[in-house]
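Participant: So the chains spell out like this:
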Amino acid sequence: MVRYILKRVGYMLVTFYVVITLTFLSMKLLPGTPFKTANRLTPQQLNQLRHYYGLDQPIPVQYVHYLWNFIHGDLGGSFQYGMQPVTQFLLQRFPVSLELGVEAMIAGTILGILLGIVAGIYRARFLDWGTMTFSVIGISIPSFIFAGILQYAFAVNVQLFPVAGWSGPMSHVLPATSLAIGVLALVARFMRTEMVEVLNQDYIVTAQAKGLTTSAVVFRHAIRNALIPIITVIGPLTAAVVTGSLVVENIFAIPGIGSQFVDSIVTNDYPMIMGTTEVYAGMFIITIFIVDILYGVIDPRIRVSGGQTS
Amino acid sequence: MMMPNTEITKDMFAPADIDHSVSEKIGRRSVSVWKDALRRFVQNKGALISMILLTIIIVAALVSPHFSKYGIDDQDLNRVNLPPKITALSWIPLFSGKEGGVDVYKQNGIKQDFWFGTDSLGRDLWTRTWSGTQISLFIALIAALVDLFIGVVYGGISGYFGTTVDNILQRIVEVIMGIPNLVWIILLILVMKPGLFAITVAILATNWVTMSRIVRGEMMKLKNQEFVLASRTLGASNGRIIFRHLIPNSLGMIIVNTMFSVPNAIFFEAFLSFIGLGIRQPQASLGSLINTGYQQLQIHPYQTLYPGLIISLLLICFNIMGDGLRDAFDPKLRR
Amino acid sequence: MRNKAKWSLVLSFILALSLVLTACGGSGSSSSSKSNSGGLAKDQTLKIADVADIPTLDPTQMTDATSINVANMTMAGLTRMHDNKFSWDLAAGAPKVSADKKTYTFKLRDQKWSDGKPVTAQDFVYGWQRQNDPAAKPAYNFLFASVGIKNAAKIENPKDPMYGKYKNLGIKALDSKTLQVTLDQPAPPFFYSILSVPQFMPQREDFVKAQGKKYATGPSNLLYNGPFVLSSWKQGTGYTYKKNKDYWDASKTKLQTVEFKVVKEISTAVNLYKTGQVDLVTLSADYVNALKKSNPQEIKHSISSGMFFLYINQKTNKNLKNLNLRKAINAAIDRQGLAKTILNDGSVPSTYVVPKGFVTGPDGKDFRAAVPGGYPAGNAAAAKKYWAQAKKELGISKLNLNFISSDSSTTKQLDSYVANQLEKNLPGVQVSINAQPWANYLKLNNEFKFDIAFSGWLPDYQDPMTYLDMWTTNQPQNSTGWSNKTFDKEIAAAKADSNASTRWAMMQKAEKTMMADYPIAPLYQEGITWAQKSYVKDFSRPSYGPVFDFAQAYITKH
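Taken in sequence, the protein lines are chains A, H and G. Mapped onto the working numbering, the consecutive letters of the first sequence carry residue numbers 9 to 318. Mapped onto the working numbering, the consecutive letters of the second sequence carry residue numbers 4 to 338. Mapped onto the working numbering, the consecutive letters of the third sequence carry residue numbers 1497 to 2054.
Derived by calculation from the structure, the hints in this document are not laboratory data. Accuracy of the hints is not assured; some may be wrong.
Unchecked claim - Calculated lysine-lysine pairs in the BS3-like style (CA-CA distance at most 25 Å, straight line):
#1 Lys36(A) - Lys1985(G)
#2 Lys1920(G) - Lys114(H)
#3 Lys1888(G) - Lys196(H)
#4 Lys1789(G) - Lys109(H)
#5 Lys44(A) - Lys1945(G)
#6 Lys1739(G) - Lys1811(G)
#7 Lys44(A) - Lys1939(G)
#8 Lys1661(G) - Lys1608(G)
#9 Lys72(H) - Lys1920(G)
#10 Lys1633(G) - Lys1811(G)
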């Protein structure tokens, strides 16, 4: 196991390196300049600015330079933000998105699993239909609509929560809820499907035949086996939710990383795009790693490290 | 009185006619997997109703823009932001043509009815919603196909073979997903112009990844179970094991995940429209209608309501139908 | 959670620091205790919601309205803009002008930096030189060349032997309170107003050097000498100003605190306004109508100097060389509907190049007063007529136009509308909208890979020339390929003219020459509509200078 983990960490570094390189190269394909005032400058002045920022050097030189700085923790300065260091910017913005994302994930996952279990047990009954309808609505309406409705209902009409901002636990409730609904819907749906399947398996029938109570059957045998797909989905979902939800962050004026990313792509803010991609890719690669490890923990029959058992 | 001691003699018995061909004979007509599935699907009332509803929506999407006298880009600044009005149903508040108690139609001197209202350029939302449904259905179809044909196969191979194959395939997945969608799409847009084709390619490139991860997970769970071992012992080929045994057993998960990747694709397109990279103006999709509408959610909620309702209805039907299909095909769920 | 604790620690530290700083500085100045005369509220706090965060605090990097506004409120240059007029700020009064009008000698007022040291003439010299030092990577220093500061054009030109030798810039400290500015030619009329711009503000060498890379990265890494100091800045959340008691004109500053909240969604900003958490919010079309119904007294308008128009590419599209076709395009668009219904924010339909309400001439009249109606090409019927003529002249029956635009949700509606108007009023014209990210849009624009392009222009300085000289032959901003010898001559003549009146008349003539050719289709002059609580007074949003001018605003009792 230790050897496997070490090997995986090695692969992770390679993957990460490939992602950085690809992103870096694709940045160089982006047309135009990162200079906001480009429409006011003469070609001469533009060249001068390019020279200031080393953008006139050959791409391999820029690349090596970037990697060198990256290793030393310097991600460069943001063009949109007057060359303020990207590292500092990410350190301020990312934790906010992370906190919001984790809150939404925890709430959504726990409730989703519970609802899914209930719906799976009471298959094809009212509870099941109710849960599944809610779940479908949850995925077919985007989170920003919930955000808008929640804000209007609970911050403007009934002033229970602050309209916007990110200070104090009360300000977390509405944004986290609007993000959690989607997670909940997804998890509940998967959990229900898997529960239905698991509950039909022979070993469950055996367990019931042995005279175990329903709760014992569900909690000792069924849930554990139903968790595999949930873990698979939650992995990438966490990476996505945690790296920020553009519109929900905008609606609640949360200083996260979401909207920043779109802005930086649209304005060719290379250092910022690279920095954000690195955080995103890092998150993603680590979650996939954790998921692969968890597979084995939850179901000892699964060994990602080995091949087919023969 | 004694019973006569009748002897049971051998010749009282005649050998049964044991004919192997008869024992193999199937009494009733054989039912193929597909027929069996169809039979069970038809018995499932919810699934059947969903399918009918779905057909109605598809037909409506194809037909209703033609019934409207307005095109998708018929602008008229004299009739902007009109709430929905259907004269015959005007006793229902939703179709009264009133907003905040004021009859907006009377106020602006508008004689016609706009069933779903109009947007901020005075375009008929009925026409735009239904033609938007066409585009969203197309995107849904693409997303589902990509999921099934790329995602399932990729995940199946990766999970089943494991070791080096899995290692390589999963690293590729990590790279694809590690680079944010937006970077991909921007690059695509620079090569192609923004529009439906660029979106299709973007979905083709990235949408199947989650599905492949899920199928891979299922494969790893199932591949060491007894029925696979049995099949392998009987000499089944890898292809047969994957496509005949493992994938049908993961069908539930596959269908459920399709249910998620379809709305994801629809809203991905909407997000692209939102940042100006999606469907080209003046075309619309359900997603882009919702995106434009939500900015006025507090003022003109109806602009979000109808596209939202259609998306929800579509997905609910897809879901119930998907469940029906799963129940019909899944051997374990036979009752 | 831990993060927040750390943050509040940093915050309170900064707050404490700024308190200490102001306290230290406060000892010398006469504390202007303006007791509640009239209806002044006790709590002089103004809260504003704005979409933009501060991009930068470094005066050498500032190019956008938000950063420049911060500089205008926290720093003082030689002059200050208020209500579109300049007044002497750190310059104690009008300078001594040499006979050839090329040398200006300013006397400085007594003013302290926020760390208590006096602002000297050397600080101005350093500030201006830093703007021209390639090592500081200046972003907007071509303003020095526009004004004609001596040697600026050469210092900024990489091909010139003098490149980067900022010591040769035409600015000198005669003593610590006397500043001498030399120009290459007699100063243009906008000389005094442009001195209020951050690029011309003082910076202090010892402080900049001591801060090194940290300079201007946070409120405490910067020195202030203006009406306010920036007391806190939380990235992505907002920033807070506090009154600077040591500002020489502090008696005019009535607000004690000004808080900006960064809110990107207008609906959220409006909700904050409705629930009383902000006092001021900028509105978009729909919310203008909604708030006009609910809070009619609180809606304010102003007109900005942003001019929006369509570039018509006649360089690579031969059809568009046809004057009648360009006239048809100009006439086909109903600008009234655009401004009143779609934008609905006080924007004005425009058929002209230089905005109104932006600058007055030597006669004391607005530039637009001469031709208030602009240069309209006609209505939809005229458009059809021109189009018919153009079709005959060009021998075409159909025309496809590639319409590029930078993508943002605000321009989306406008794009649709303009495309629709052209297609509706010019039968046979097909417009395809191609929305692109800003950087790529600029590239397509510069490479003439479009037929029509939506664009806008904001002034670099307060003079009509900033809207006119960009249209001369082969200027990089002239993305139309239009070239007119008469126009070029008129612009050159106006630039060389040192007589304000004839220069003014020449520029008006040049605008007329240009609009006779319709190289562009002007669309509208941007307006701003905002909601402002009734207890906020003397707040303004002028068309030139600070975009949020609260320097003299105050709050009445409520």
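Participant: Decide, hint by hint, whether the structure agrees.
Facilitator: Results of checking the hints against the structure:
1. Lys36(A) - Lys1985(G): The hint is violated at about 41 Å.
2. Lys1920(G) - Lys114(H): holds, 22 Å
3. Lys1888(G) - Lys196(H): violated, 32 Å
4. Lys1789(G) - Lys109(H): holds, 18 Å
5. Lys44(A) - Lys1945(G): Holds: Lys44(A) and Lys1945(G) sit about 20 Å apart, inside 25 Å.
6. Lys1739(G) - Lys1811(G): At roughly 53 Å apart (the allowed maximum being 25 Å), Lys1811(G) and Lys1739(G) break the hint.
7. Lys44(A) - Lys1939(G): OK: Lys44(A) and Lys1939(G) at ~12 Å, within 25 Å.
8. Lys1661(G) - Lys1608(G): violated, 30 Å
9. Lys72(H) - Lys1920(G): Between Lys72(H) and Lys1920(G) the Cα gap is close to 16 Å, so the pair holds against 25 Å.
10. Lys1633(G) - Lys1811(G): The given pair, whose Cα atoms are some 34 Å apart, is violated under the 25 Å limit.
Hint violations for this structure: numbers 1, 3, 6, 8, 10, all remaining hints satisfied.
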